[in-house]
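Trainee: In case you want the letters, here they are:
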Amino acid sequence: MIKVENLTKTFGPKVAVNDVSFTVQRGEVLGFLGPNGAGKSTTMRMVTGFLPPTAGRVTIGTHDMLEDPVPAKRLIGYLPESAPCYSDMTVHGFLSFAAEIRGLRGNAIKTAVHRAVEMCFLENVLHQSVDTLSKGYRHRTCFAQSIIHDPEILVMDEPTDGLDPNQKHEIRQLIKRMGEKKAIIFSTHILEEVEAACSRAIIIDRGTVVANGTPQELKRKAPNAGAILLRVNGVAAEVVTGKLRAVDGAERVQLVKDENGTVTARVFPKSSANGEFSKAVGAAAQGWRVEELHIEEGKLDEYFRSITASDTAKK
Amino acid sequence: MSNSLGNITTIAKRELSAYFASPVAYVFIVIFLLLTGFFTFMVGGFFERNEANLVSFFLWHPWLYLFLVPAVGMRVWSEERRQGTIELLMTMPLTPWQAIMGKFLASWAFLALALALTFPVVVTVKYLGNPDLGVVAGGYIGSFLLAGAYLAITCLTSALTRNQVIAFIISVVVCLFLILAGWPPVTNILTKVLPDNRWIVELVSAFSVMTHFEDFQRGVVDSRHLLFFLSVIGFSLFSTSVALRSLRS
Ligand SMILES: Nc1ncnc2c1ncn2[C@@H]1O[C@H](COP(=O)(O)OP(=O)(O)OP(=O)(O)O)[C@@H](O)[C@H]1O
Ligand SMILES: [Mg+2]
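The listed protein sequences derive, respectively, from chains E and H.
With the first letter of the first sequence counted as 1, position 15 gets the number 15 in this note's numbering; the numbers rise by one all the way through.
With the first letter of the second sequence counted as 1, position 172 gets the number 1172 in this note's numbering; the numbers rise by one all the way through.
Think of the hints as simulated: they come from the structure by calculation, not from any bench.
There may be inaccurate statements among the hints.
[Stated by the list, open to error] If we take Cβ atoms under 8 Å as the criterion, some of the chain H residues that face chain E in the derived model are:
#1 R1014
#2 P1023
#3 T1085
#4 M1090
#5 T1095
#6 N1197
#7 R1198
#8 I1200
#9 S1246
[Said to hold, decoys possible] So the derived list for chain H, only partly shown, Cβ under 7 Å to chain E, looks like this:
#10 Q1083
#11 A1114
#12 N1163
All residues carry an ideal CB built from backbone N, CA and C; glycine is no exception.
Generate the whole structure from the sequences, applying the supplied hints.
Mentor: Written as structure tokens, this is what we have:
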């Protein structure tokens, strides 16, 4: 449904997006991750046809965004980053306008507005001026606008930004549910959201794609994935690390914590972790008071930090 | 085609409802009517003239519009940019040209409404004397076109900045130039300075709205003047589309 090929965008001398390619099929939810200023919003603006790319192509369905923008835009629902709304309108007026400009007429407008209002929980503010809405409600109003015509493709720039925890949960569920029948791209800084709602994730750093895979695949690439974490009580740290280092197949041992007689250590295997190695570590710990022993799954945020070398991450 | 008309109508409806959602629209109309009344009857000496025509009424329109039209049009694009809603508008399934036309036509319709509400002036002359209604109609057509030309210029300046006040000031300056280029006191000076080059004076005044508005006030709807106003509108709106495109790249 969405095909992005070698997309590049420069602002003067600055390269904001550099040779980005990916595709999103119907039934897929693509999470877009990356540090601030990585180029997520810029990419989405090119996908939705707001910014013309410096180089590259965007194909929406069968339409080229540059050559055939109107039919391409018809397929998309878009929630921009700042969730802009016409502040001189009421929520109802704004949503009706959005429905009308999307080509709906008469009763279809009423039905569409009703549906979107229900999905985004906007009943309470329906006749309130957008001007006076709280940030979260404003965000939801713009979200409602993006799904008003039940589009086949949804592009959402930080859809859960500014929402309360309940709403975040609801919107995530909604995205996941809609993702079964649509092609969805959304960006976020909340990594749990990716695991909760995405079927695939792309990590983008300084304009280039640095990772692309399912959340599970990405987690497995985290530096600690496959390591064995061991917590024992009443043994000296040196003894623990010494003995673990001697375990067959251990590459290195990391002392995580040594506090009040409780020692936490991590053993990295030479090859990927397996039951044998785990058993060997268990055997080495024989006789110690073991509080915890498990193979680490790897965390998305660890992986994220290990591959995005933005200014903040370097510090 | 019908689709394009539908989009223009949808945009125009939204714009108009935005005008009337705030009290500014009503305040504007009241100010416009008060000022036209004041200039026509007090400054223009409507009664002293003792003529059954609207010369003293239309005479002031280029000057009144100079401030009032930019005040109406300044928000058209700059507000859209300031609020970021331009990102919504430009990702909806319509062409930029449809959005430009929709917004322009809505504001023009608003100005037309304000102008139409001056009808008591016509009723007054009709009551007092026997005016040539053809002349009156010509004046109204000219005034309407004049407002359209100023408005198109304001649309352009408002597409250039996200600050309404700057859009307002630039529009006033441009429109003022369009008045002065053909205003007798200015053309007289020009003639004195350049006695041998009358063509320069004529060229400059050909760009003035005054030159082209005059005939309308006499009830003459000349196609050349019509063409002038329509080309100012067309050129400004075309430049607006160029400005909007360049701002997105
Ligand atoms: N109109 C513009 N003019 C100049 N530079 C721009 C413009 N828009 C974006 N940039 C630059 O492009 C880069 C990418 O910005 P973008 O907004 O896409 O980042 P992002 O990944 O969405 O970040 P965030 O997580 O903060 O939303 C930034 O360095 C930004 O300064
Ligand atoms: Mg962003």
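Trainee: Hints first: check each against the structure and report whether it holds.
Mentor: Okay, the hints, checked on the actual structure:
{"no.": "1", "hint": "R1014", "result": "5 Å, holds"}
{"no.": "2", "hint": "P1023", "result": "12 Å, violated"}
{"no.": "3", "hint": "T1085", "result": "4 Å, holds"}
{"no.": "4", "hint": "M1090", "result": "5 Å, holds"}
{"no.": "5", "hint": "T1095", "result": "6 Å, holds"}
{"no.": "6", "hint": "N1197", "result": "45 Å, violated"}
{"no.": "7", "hint": "R1198", "result": "48 Å, violated"}
{"no.": "8", "hint": "I1200", "result": "41 Å, violated"}
{"no.": "9", "hint": "S1246", "result": "10 Å, violated"}
{"no.": "10", "hint": "Q1083", "result": "5 Å, holds"}
{"no.": "11", "hint": "A1114", "result": "19 Å, violated"}
{"no.": "12", "hint": "N1163", "result": "17 Å, violated"}
Comparing the model with each numbered hint stated earlier shows that hints 2, 6, 7, 8, 9, 11, 12 do not hold.
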